[in-house]
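Student: Could you put the whole structure together from the sequences, leaning on the hints where they help?
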Amino acid sequence: MNKISLVFSLIFMMSSFDAFTQEIRVKGKVMDGNREIALEFANIALLSPSDSIVVAGGMSDLNGGFEFQTTAGDYILRVGFIGYLEFHERITLVANKNSVNLGTITLVEDAQNLDEVVVEGVTSMFESDIDKRTYNVENSIVAEGQTASQLLSTLPSIQVDDEGGITMRGSGNILIYINGRPSNLSGDDTESILSQFPANSIKSVELITNPSSRYDATGVGGIINIVLKKNEKTGFNGQVNASVGTREKYQAGINLNYGTEKANFYASYNWQDRRQLENGESARNNYLEGFSPRLEQVQDGHEVEQTHLIRVGVDYSVSDRGLLGVYFQGNFDDEVEFSDIRQRNLSQSGSLDSSSIRINDEFSNSGNYEGGINYTWNIDSLGQKFYTSLSYAYDDRDQRDFSDQAYFDADGNSDLTKRFIQRNNRPRTSTLYVAQMDYEKPFQNGASIETGLKATIGNWQRSQEFAQGDEFTDFVPAVVDSLSDGYDFDEKVYAAYFTYRNTMGKFGYQLGLRGEYTETLGETVRDQESIPNNYFNVFPSAFLSYSIAEENELTLNYTRRISRPGIWGLAPLYRLRDQYNFSIGNPYLQPEFTDSYEVGYMKGWEKYLLNATVYHRYSTDVETRITILTDDNVAIQSRQNADTRSSTGFELINQIQVFNNLDATLTGNLFYSKVNAENIEEDFSNENFSWTLNLLANWLIPNWFSVQAQGNYRGPIVLPQGQIEPQYSLNMGIRKDLFNGKATISANVSDIFNTRNFRITTTNPRFDERRVFQRETRVGTLAFTYRFGGFKEKNGENNSRREGGDNFGGDDF
1 MNKISLVFSL
11 IFMMSSFDAF
21 TQEIRVKGKV
31 MDGNREIALE
41 FANIALLSPS
51 DSIVVAGGMS
61 DLNGGFEFQT
71 TAGDYILRVG
81 FIGYLEFHER
91 ITLVANKNSV
101 NLGTITLVED
111 AQNLDEVVVE
121 GVTSMFESDI
131 DKRTYNVENS
141 IVAEGQTASQ
151 LLSTLPSIQV
161 DDEGGITMRG
171 SGNILIYING
181 RPSNLSGDDT
191 ESILSQFPAN
201 SIKSVELITN
211 PSSRYDATGV
221 GGIINIVLKK
231 NEKTGFNGQV
241 NASVGTREKY
251 QAGINLNYGT
261 EKANFYASYN
271 WQDRRQLENG
281 ESARNNYLEG
291 FSPRLEQVQD
301 GHEVEQTHLI
311 RVGVDYSVSD
321 RGLLGVYFQG
331 NFDDEVEFSD
341 IRQRNLSQSG
351 SLDSSSIRIN
361 DEFSNSGNYE
371 GGINYTWNID
381 SLGQKFYTSL
391 SYAYDDRDQR
401 DFSDQAYFDA
411 DGNSDLTKRF
421 IQRNNRPRTS
431 TLYVAQMDYE
441 KPFQNGASIE
451 TGLKATIGNW
461 QRSQEFAQGD
471 EFTDFVPAVV
481 DSLSDGYDFD
491 EKVYAAYFTY
501 RNTMGKFGYQ
511 LGLRGEYTET
521 LGETVRDQES
531 IPNNYFNVFP
541 SAFLSYSIAE
551 ENELTLNYTR
561 RISRPGIWGL
571 APLYRLRDQY
581 NFSIGNPYLQ
591 PEFTDSYEVG
601 YMKGWEKYLL
611 NATVYHRYST
621 DVETRITILT
631 DDNVAIQSRQ
641 NADTRSSTGF
651 ELINQIQVFN
661 NLDATLTGNL
671 FYSKVNAENI
681 EEDFSNENFS
691 WTLNLLANWL
701 IPNWFSVQAQ
711 GNYRGPIVLP
721 QGQIEPQYSL
731 NMGIRKDLFN
741 GKATISANVS
751 DIFNTRNFRI
761 TTTNPRFDER
771 RVFQRETRVG
781 TLAFTYRFGG
791 FKEKNGENNS
801 RREGGDNFGG
811 DDF
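Mapping the sequence shown onto my numbering, position 283 (from 1) lands on 283, and the numbers just tick up by one.
These are computed hints drawn from the structure, not numbers from a lab. For every residue, glycine included, the Cβ atom is placed at its ideal position computed from N, Cα and C. Just to be clear, a hint being listed does not mean it is correct.
Unchecked claim - Simulated restraints on C-beta separations: (1) 283 <-> 753: 47 to 57 angstroms; (2) 384 <-> 248: 53 to 63 angstroms; (3) 61 <-> 318: 24 to 34 angstroms.
Tutor: Now the structure itself:
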């Protein structure tokens, strides 16, 4: 820890460096005058006093901050935002000052015109920043009535497989954030919990492909931050929504908000009741003596799931600069799943050797709770800020599986000696504590530092009691000790980080360093084995940018990251899909490390934005899925550490404003992947080229409705023993505003051609297998939303003002 302190002290000394610049840097912040919240995308302009022509300016970012460069002279400062009264002030910029801080500019709502502003045009869903891409999915028509998991599958660069596994740019090990905080989602819990979040409850999704040192170092493939809706309007207001989908899919929700000068209270409830069809098939060629050379399986089933999502909270202004937030969130899920698996063992000639029918019933219910408190202290109007938070999450899930399998000989006669009944109880719980402190400090020369501490403490418990009955037990299930066990896993991560940001003329840079100390302990119940693994790592990051011209920028960045194995990759518990297919965790898995490099170029024109990125990732101790075939003709899937994986790609994002009422975003990603797992077994290496394409188009027919189309294609993903095959789909929807914009009705169809399925090919000297699985994806949905309430200030004087910053001696007018 002394080494970390020394490194941080050296970086702190860098913060006193004054960057030389030839122009005057103008910066500040724009806030709402009533609620003390940042106004993003406000327009800031310096006007010529003689003719009011715009000389320089910019827009505020997501935190309300702005910064641009100009030359010395006399100006009129104008700050505006739709629905707010404009702010004006005469200022003089002198040549002997390299930087000018305008402080905090507060705007007030325009009571007379607030409800009269009508914007006819296409609302963009995509925004790009230096380290992330944001998708404003509350404007997504094709996602109405869907779940969070289904919504993610429609976004560029993201793929969701049949087990809920998420990949981004072809890489897995994605870290899921909810409202900027790590969630207790892991392994097969990811999809089950994400499915409890209706798409209607989500405001935006942020894709952070190469996170800086301020973020957790875990998540080799990047971070997906899901931002939930939380209204912040003054007075009492809210919205209700409901949707119905084909084949019994229902959703309804209500969002309420009450805002005063000192506090903002919010609450929401969302309910889902969904029935989903599932089917799959597989064919395995075995090269073992004494067994039928071919096994064919066909699966049909459906699941019925009912979920409840509750969120309540308050943001309270304890002082002019202090904001206290408290929230609670609960997810509750009841699920029933039924499936029939028909199996046929075939001879070399294709004739039937034997067959079986397996009936599976699965019942589960769960509760996922999260609560937290946070405090933000805006120390001064120059942007100095302190933030601290503490959160707790708990997940409790109970799952009970029942299977009844009948066996038939080649003539179709039932053989009771080979019939069996299985029961598997699989309870699991997890807890997650997250505590953090962050501090930001900007300087007069335009530099800024950010530093913080964070502790993430989690515990995951998995267990199962497996029982089987046959003719010797009168088909009453008896516990099988070899398949019954428990696993308790603790993980503690303590982190500290520091970043320094500055500009030198047209060059900008951000340097960061993060240190993380990890303690893990896995314990098995049956063998009472303890498996500790403690380690300390340093994760540097560097982001460089060069502004060629306005909206024309070149970027270069590097980060080092880690992927720690999750609970289902570690837990040494056998999970049975059927008597021929098992999976089990590996408690000795080691963390995976990745070095990521990116070179980006962005160029904007009046109606076209080009964003190109060349990236390379090199990973060691790669966690990968491996399947072996035992001498008993049972395929066992597990996770092991492969030597290396490298991935090099080119991503191109094109945003095109075709007409004023038509825009399109086309994203393409071409990459080459190679995985080397010869440390596991000889010839366990594979490589290929792959690509993804995603098109999102929005068309507004004025005074009528909006149309949205979204299509995507994902090429093959390389595995040590084969590949995940390509898939593609097309979604379309329309939306119509009613009652002067207070209500919206929409209709959409997902996966129109019913092509979004999961296909995987596995090859091995002992067998080869091809498996196809598909959940119901072609769904038609009709949705309705109604917004109510609101508040308007009484007519009065313009209370817009500027606080802090430099004094220019001018008058407001």
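Student: Evaluate each hint against the coordinates.
Tutor: A quick look at each hint next to the structure:
Take residue 283 and residue 753: their Cβ atoms lie about 24 angstroms apart, and the range 47 to 57 angstroms is violated. Checked against the hint of 53 to 63 angstroms, the pair residue 384 and residue 248 passes, with Cβ atoms roughly 55 angstroms apart. Between residue 61 and residue 318 the beta carbons are some 26 angstroms apart, a value that agrees with the proposed interval 24 to 34 angstroms.
Figure legend: structure checked against the earlier numbered hints; the only hint not met is number 1.
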